[in-house]
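Protein chains in written order, with my numbering: chain A, 432 to 687; chain B, 13 to 250.
Simulated from the structure, these hints should not be mistaken for lab results.
In this text, a Cβ means the ideal position worked out from N, Cα and C, and glycines have one as well.
Hints are supplied without guarantee of correctness; some may be wrong.
DSS-like cross-link-like pairs, simulated, lysine-lysine; straight-line CA separation at most 30 Å [as the list claims (entries may be wrong)]:
hint, chain 1, residue 1, chain 2, residue 2
1, B, Lys179, A, Lys447
2, A, Lys531, B, Lys179
3, B, Lys246, B, Lys32
4, A, Lys531, A, Lys448
5, B, Lys113, A, Lys639
6, B, Lys56, A, Lys531
7, B, Lys100, B, Lys113
8, B, Lys246, A, Lys447
9, B, Lys56, B, Lys144
Which chain B residues face chain A? A few, computed with CB under 10 Å, are given here [stated by the list, open to error]:
hint, residue
10, Leu210
11, Asp228
12, His229
13, Thr238
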Amino acid sequence: MLNADIIESITGKTTKKHKSRIPAKLDLLQSITGLILALFIVFHIIFESSILLGKETMYKLTMIFELEFIIEGGSPIFISILAFVIFIILIFHAFLAMRKFPNSYREYLRFRTHTKLMNHSDTNLWFIQISSGFMLFFLASIHLYIMMTQPQNIGPFASSDRIYSDVMWPMYLMLLVSVVLHAGVGIYRLIMKWGIFDGENPRKNRVKTKKIIQIVVVFYLIIGIFSLISYMKIGYDHRANYGEKYIPQMELKNEN
Amino acid sequence: MSREITIIALKYNPSDETSKPRFAEYKLPETAGMTLYIALTKIKTTIDHDLSSDFVCRAGICGACGMIINGKPRLACKTLTSEFKDGKITLLPLPTFPLIKDLSVDTGSWMKNMNIRVNSWIVSTQKTDISKFEKKIEPKVAEDIFELDRCMECGLCVASCSTAIMKENFVGAVGLNRVVRFSIDPHDERNDADFYELIGDDDGIFGCMSLLACEDHCPKNLPLQTKIAYMRRKMVMV
Ligand code: HEM
Ligand code: SF4
Ligand code: FES
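In isolation and in its complexed conformation, chain A is listed as follows (with noise of 0.2 Å):
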């Protein structure tokens, strides 16, 4: 063991005799892990709802995340490299965020009665975004572990047997909520925390950054809930076919 970790946790200081500067960095850290992963949210929700515009579009689009533009046929291993690296960056916000949570039947008490007694309402966005915050510790974790895994099993007929077929549906509509939840009270909690547009007048801009924020959450519920319906429309029609992967329009015209 070293020496210095010894005498910081006996004395409190370091060896040069002054505080740590790791809760600094962990505080930094856990901002920015939630910033990546809540712009990852933003895109992705976006090009997954590609399936709004139809089977070819989210085709076409999911070909780019296989790199096709730059390999032959494209390979499903990028996907898998993305997820990976997505998974190592949400278990390590999980981690600096868990310390955040209420860890004692008497903290969790005080923290509950004090929040419905006072109804405060950032203090509830708070509510949301712990509860959310668990939640999503399994539900992206099943999500990426398939996406690590089947990386191939991504498409319009793929991803709709997924959801329809291998009743993953249910899966998908928390994971959505709590997401889309955790990500908008955790961008707004973010410019709050570091006065990222406080500009001249503070107050103002906080209420206004709060209706954007609402719009936004709104917008991205209602694009993942109308293209989950999509997919399970596609995956009911499909169901006889499970497992038939989706053949694009222009081979289809080339076999004519």
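Using the hints provided, position chain B with the ligands relative to the given structure of chain A.
Here is chain B with the ligands on its own, set in the frame of chain A:
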């Protein structure tokens, strides 16, 4: 036309072994412009001599009368009973501070410890010569300092903070506000690393979860969100 109002107050004396925590209910006629200070005084003089609550200035200046009023941390002397349409008002002592009795809590000792903990004073190597004027500072800076100095240590920011509710050692918005006040004062010679020694941990600035209940309940409307964010940005750069 005056209506009857109902005041429900938590009663408990921790230093009396026979005392059991309970809610007491008082009914009294509302008078014009009645504040909770007036209502509580009325109860104490006519219904229950044993009820305890604190007041000094009765004018929203001293910060002694903070309590939880229908769930919200507020000053009793600045709260009109007419605000509550159903005429029912529930009063609790502020959490996060040691309970003295009923609605009376010891914010004083808490604030004293906080001030010592964050070294809430000017640190300077200059010898003060009281026969001369103080070093001049920019009017804008002076204004900023006076703004933060308006804090009256009522403790409502602490009582409204979920972090403080859960973590007993959390320094609270009031403490962070003190640090910002001295960090912007040109008379003070401390640098950011010195302030980091006082608040650079999870009981200090990094414990704050930005729930902003402090900002929303401070009766002096201090700019706590921006000042805490400012200090956080400084402290992560140390
Ligand atoms: C894709 C998934 C996720 C996204 C987009 C995301 C995003 C964010 C963001 C932007 C923040 C604000 C950061 C800050 O205040 O410094 C945050 C905070 C938080 N996250 Fe996540 N997060 C995700 C997953 C998780 C998971 C799996 C957990 C489970 C432990 C979690 C728990 C929390 C908690 C408890 C906070 C509040 C921390 C605090 O108040 O200081 N998050 N998240
Ligand atoms: S910052 Fe505001 S709420 Fe907190 S103690 Fe000072 S005056 Fe009271
Ligand atoms: S009695 Fe002084 S603030 Fe209420």
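So, going through the hints one by one against the coordinates:
no., hint, in the structure
1, B:Lys179 - A:Lys447, "28 Å, holds"
2, A:Lys531 - B:Lys179, "10 Å, holds"
3, B:Lys246 - B:Lys32, "47 Å, violated"
4, A:Lys531 - A:Lys448, "28 Å, holds"
5, B:Lys113 - A:Lys639, "43 Å, violated"
6, B:Lys56 - A:Lys531, "42 Å, violated"
7, B:Lys100 - B:Lys113, "22 Å, holds"
8, B:Lys246 - A:Lys447, "20 Å, holds"
9, B:Lys56 - B:Lys144, "51 Å, violated"
10, Leu210, "9 Å, holds"
11, Asp228, "6 Å, holds"
12, His229, "8 Å, holds"
13, Thr238, "5 Å, holds"
Hint violations for this structure: numbers 3, 5, 6, 9, all remaining hints satisfied.
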